[in-house]
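Chain A is already provided as a structure; the job is to place chain B on it using the hints.
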Amino acid sequence: MSVVGVGWGLFAAFVVLLGLRVVVTEAVRPTYRVEAGPRRVVRTMDVALVVVLVALAAALLAVIGPPLLAR
Amino acid sequence: MTSTSVRGGRRTVDLRERPAEDRTGRATGRARWPAAALPILLGLAALACLVPAVRDTRLDLIGGLGLAGVLSPWAWVALTCAVLGAVTEFGRARPRSVVLVALTGVVILCSTGLPSLVESAARIPAAWTHLGFVEAIATTGRLPVGVDSRFAWPAFFAQWAWISDAAGGLTLDGVLRWTPPVVVAVWALSVHAIARPLLGGTRAPWVAVWLFLGTNWIEQDYFSPQATAMVLGLAALACVLGPLATGRGDPAGGRWPLPAPGSPPLPVSRRIVAAALMPVRRPEGAAAQFLLLWLVVALCLAGVVLSHPLTPFALGAQLLLLALAGRFWGRWLVLVLVVVELTWFVLGAQEFWQARLYLVTGDVGDVGGSLMSALVDRLVGDPGQLAAKVGRVLLAAATWGLALVGAWVRWRRTGTWLVAALAAAPLGLVLVQSYGGEVLLRVQLYALPFLAVLGAEAVRAAGRRWRGTPPGRVVEVGLVLGMLLLFGLLVVLRGGNDAYVGVQARDVAFSRSVLAGVPPGSKVLRLTNEGPIRVTRAGDVVQATSTPGCSRIADDPLGCLAKERPDLVLVQPAMEAEGRFLDGFAPGWSRAMVERIVAGGTYRVVRDEGTSLVLARVERR
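First to last, the sequence lines map onto chains A and B.
No gaps in the numbering here: position 12 of the first sequence is 12 in UniProt numbering, and each next residue is one more.
No gaps in the numbering here: position 532 of the second sequence is 532 in UniProt numbering, and each next residue is one more.
Do not rely on the hints blindly, as some may be mistaken.
[Said to hold, decoys possible] Just so you have them, the derived chain B footprint on chain A, three or more residues with Cβ under 8 Å: (1) 8-22; (2) 25-37; (3) 63-69.
[To be verified] The following residues of chain B were derived to be distant from chain A, with all beta-carbon distances above 10 Å: (4) SER164; (5) TRP178; (6) TRP294; (7) PHE313; (8) GLN354; (9) LEU404; (10) MET593; (11) ASP608.
Honestly, the hints are just simulated from the structure, not real lab data.
Note that CB positions come from ideal geometry on N, CA and C, so glycine has one too.
Bound conformation, chain B alone:
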């Protein structure tokens, strides 16, 4: 079938063959069923391929390249089918939202969700630490004092303690395991809600969602306060950029206020004040609707403040920019965030700043130190580790590069840099914090929704530029290849550390059984900080080092054990793997180190299960 259209006063005829379509955009006639069913069949094929993928993945052979090196070929087939299904639906005359949502879910399961499928327990040691914190609150009904600074932002732990308690002491191991794909799916929905008003159209928001998913190698979506804070922050941004979105009533239409023609330019500070004081136009809607939205946003902001120390600052910077640009109705919400943050930090988190204020003030202005600890110090490990880490840096650079192109395209289209400024706003965190060497990861996380929007803007411009260019379906082919490359890379990069951040169910059981048998007030440490750490009894058993220079016992085993004097020392397979693949130690180094410690005469092996063992301090009389 051919179609005829009128462009620039000239009648043009599209000679490409397309199936006939009815008013709803569905294909009619013979082509109807295969065309409509193909994306769904591809999605089902992807799900079916996951069964042999789980069966054939050999985690016991995992090396420096991580999960990708041992994944079954079926996992790659599943990912390919999922991506092809999503792109096929995307290419239909009128993509069905429900099918796109379902296929995006399948893509998430076949990429971000692969470790949850093939590994026997949740990965990332910090997730198990958080579970230990939840258990500590659930068993005592109170916040442990003097145990860990993370208890100063307890909303996430208290929330799960309440859920666990309400469910009759529900064990959360399964929740931990499936948190990453579920959290990423919720983030993806929020990114779609943010991208739709910013980009318009039907397809571009989905491109933004897939860019967000494909470039999210950051792995902050595990069972953690920051994952929940990000959910709440994105929900607030979705409300602000969606139903609360507005502009100024002036001809500038919500842009940075400009001086009157012929007037001398004002200083930046005066322009900021002018922007803050200029009223915004009330958007269409009922008062009850706005009140409800404001309540939701205010609760989300309060939840963010009580859950995580860093997220409120990134979110606050983004909200402040939107308020100055006059882009949402209810700008006093920024004041709410500031007051709640200050009040909670000073009054609620007293225990934190009374003991550890240096953590907040120590890095202020040390941009070089923050970048060094966040980037250079992390580029270590065997060739597989280095490949994954360099890959992450390159993907992050490519994300920002594509976003820059998108920002330029958007400026040409709308005349504003606002979305680019929203993406850049979290960069300010580098000026004040190293955040334990993770500040760049967090900046990338907070910027990613807006980087994805800008990337989608660039992709859309490219699609329009090359649509109809020989050899025909260049845009569609480019999209398929780009998606396959991006999500394949995502699996490699996210699973790159799995040799030592992966946790097996038997290791969790071993940790729990050891910790269950020690009296309250005992001190139980580990050779390194990998494996299921502080998985239980976080409140009444000391499980962290306190001596400077001894954050990792393995760095100076005899010296640190003499200073720390733990009752027990745990050695587990993840620690052996960390030494081998990250620190370049020889295979069997942990066993050799245990023999050295035992030879010192202060500790002896009291439990040996091959790859896991326990050392106990020898009591001298």
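Isolated chain A (complex conformation):
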């Protein structure tokens, strides 16, 4: 699998995770801040989102970085 493919996969993961987080915090459990269980779920989602974003940034850098440096 190419880096570009991995990048698109990570982008899809970002969209799905962000969508889930928004639906959970806004519609399913809007009281997540004061309930321990939902709060833990949302925090886990936040960590996953950060990880996906960092990985996506790395993939994007891996694609555009070498041509930029070569210039």
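Okay, now just chain B, sitting in the frame of chain A:
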């Protein structure tokens, strides 16, 4: 009839005569029908005047001043009736929204829409190029590779290819012709949606709409990705400033967070972080409503990113400002825009940055170069051309001047500079891009909705200041004269280049017939870059120059033809007009240049239809 009111504890009597009104604001009694019908009758009169206007306009006499110089007097009568109708409705005790919408539509048709009415085909050569791109996708089902950098942002072209295909190979010539008035009407609706929450009231949003329409000489509303991106961007802003609008839960009420009394001022970077982290108040509304709105905004943002390279940056700057000010619910939408933009640029637009990254990085920091190419280099042409171009600069300066007054008034009223900052945000583009000499046009376009809001704020303040001042209806008279002047000027400025950006249906047919007969892989160039360019076969016939210094064959015909070696060269009336009115060449220069080329022995005339002809390369054995 007189009215009585209490102001500052003192009873005042308004002695001006007004027709009696019922609870709905409609005039009653004898005055009811004429007063209610007058705006509608004026609108109908405007539409009726357009018929002789189309008949009597002499496009064959068009000169350096463009469309305004050859327009029938009926067109000006139509515009006057439309403006009077809109202002008359505006002046009623309770303006009817439906009638205002309809009359604004008539004003658009009589100003922005005039070229669509009187000219036989869509103007602006780039619109025809875009049609060629749409056709290239529709016929092959794939994006052409290595043809043009605009295919790296293909959403607009793919969308119309899909529509054309779904409609059974629908020809889009009519769509091209009527795109400007339709797109401007959609923009106007969005500006009203943005202005209503920012200004409040009933009339001020309409003033903002008319200011937007009257100062939109920029002509980015043709069949183009930027026109669609602007529609999507305005839709996102309308959602963000409308149903998603909110403020912070603190006493600052959504302003820039201030340090506690007695505390030392924080550095700007710390204040930005504090502003970003401070929570905002959830606005009233159901969760399903917010989810739907967020989905719409996110799709709009994605559509903007996939359609156009520049619009996401202007829109992103405006959304970021609103997010920092805590003015909308769902600030993570800014993150969505950033991630989609970066991902698409790096992964989706690879072909662009692998070959043309210098287009992005070459102008960074060259503000002087960007301004020079966007402003000074454009002030050329015959007296008519210069008048139109100086007029555009002056109108743009007046728009910013009025907005500055409005920003001051708004600061006095609300204590914030946010709308002024939203208008100024696109100016940052000048720092990083010349955008082919068009960066100031784009900045003006992206700023215009907020400049119009600020202008309406200034007009409203003036109206309140001078209401009731002798000689009586000074505000109403000022509004009528201002509107007539503004929209008259708009017709002059927008049509200023029509001598050479105007396209006739016969020129399109000529281009298509020439391109239809060449084998795949041929190279067909033009003497200059006006006329219906790349109107068909954009994917399999090379129709662009590739040698540095030869972007326009006419600048060095023999040298550029020797380097480019096109199979065919097209000469059309728009090219002759461009040379005459923009470059100061003598009438008949294109024919003289053709004779020079033919005398060189490498090319010969193979098709001559008077104003249009085709040169073919002579094969040597």
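(request) Grab the minimum beta-carbon distance between ASP608 (chain B) and chain A and tell me whether it stays above 10 Å. (result) holds (48 Å)
(request) Check the non-interface label on GLN354 (chain B): least C-beta distance to chain A beyond 10 Å or not. (result) violated (7 Å)
(message) Checking a non-interface call: every C-beta of chain A should be farther than 10 Å from the C-beta of SER164 (chain B). Is that right?
(response) holds (28 Å)
(request) Could you check that no beta carbon of chain A comes within 10 Å of the beta carbon of TRP178 (chain B)? (result) holds (36 Å)
(message) For the region 25-37 of chain A, count the residues whose Cβ lies under 8 Å from any Cβ of chain B; is that count three or more?
(response) Coverage by chain B holds here, the residue count being 3 at a Cβ distance below 8 Å.
(message) Confirm or reject: TRP294 (chain B) is not an interface residue toward chain A, with every Cβ-Cβ distance exceeding 10 Å.
(response) About 6 Å separates TRP294 (chain B) from the closest Cβ of chain A, which leaves it inside 10 Å; violated.
(request) Three residues minimum, CB to CB under 8 Å: does the region 8-22 of chain A make the cut for coverage by chain B? Let me know. (result) Our answer is that it holds, as 5 residues pass the Cβ test (under 8 Å) against chain B, meeting three.
(request) Check the non-interface label on LEU404 (chain B): least C-beta distance to chain A beyond 10 Å or not. (result) holds (39 Å)
(request) Go check the region 63-69 of chain A versus chain B for me, would you? Three or more residues, Cβ under 8 Å, otherwise it fails. (result) holds (count 4)
(message) Does MET593 (chain B) clear chain A by more than 10 Å, comparing its Cβ with all Cβ atoms of that chain?
(response) Non-interface label on MET593 (chain B) holds, nearest chain A Cβ at 39 Å vs cutoff 10 Å.
(request) Beyond 10 Å from every chain A Cβ: check whether that's true for PHE313 (chain B). (result) holds (17 Å)
The structure is inconsistent with the numbered hints 6 and 8, although it conforms to all the rest.
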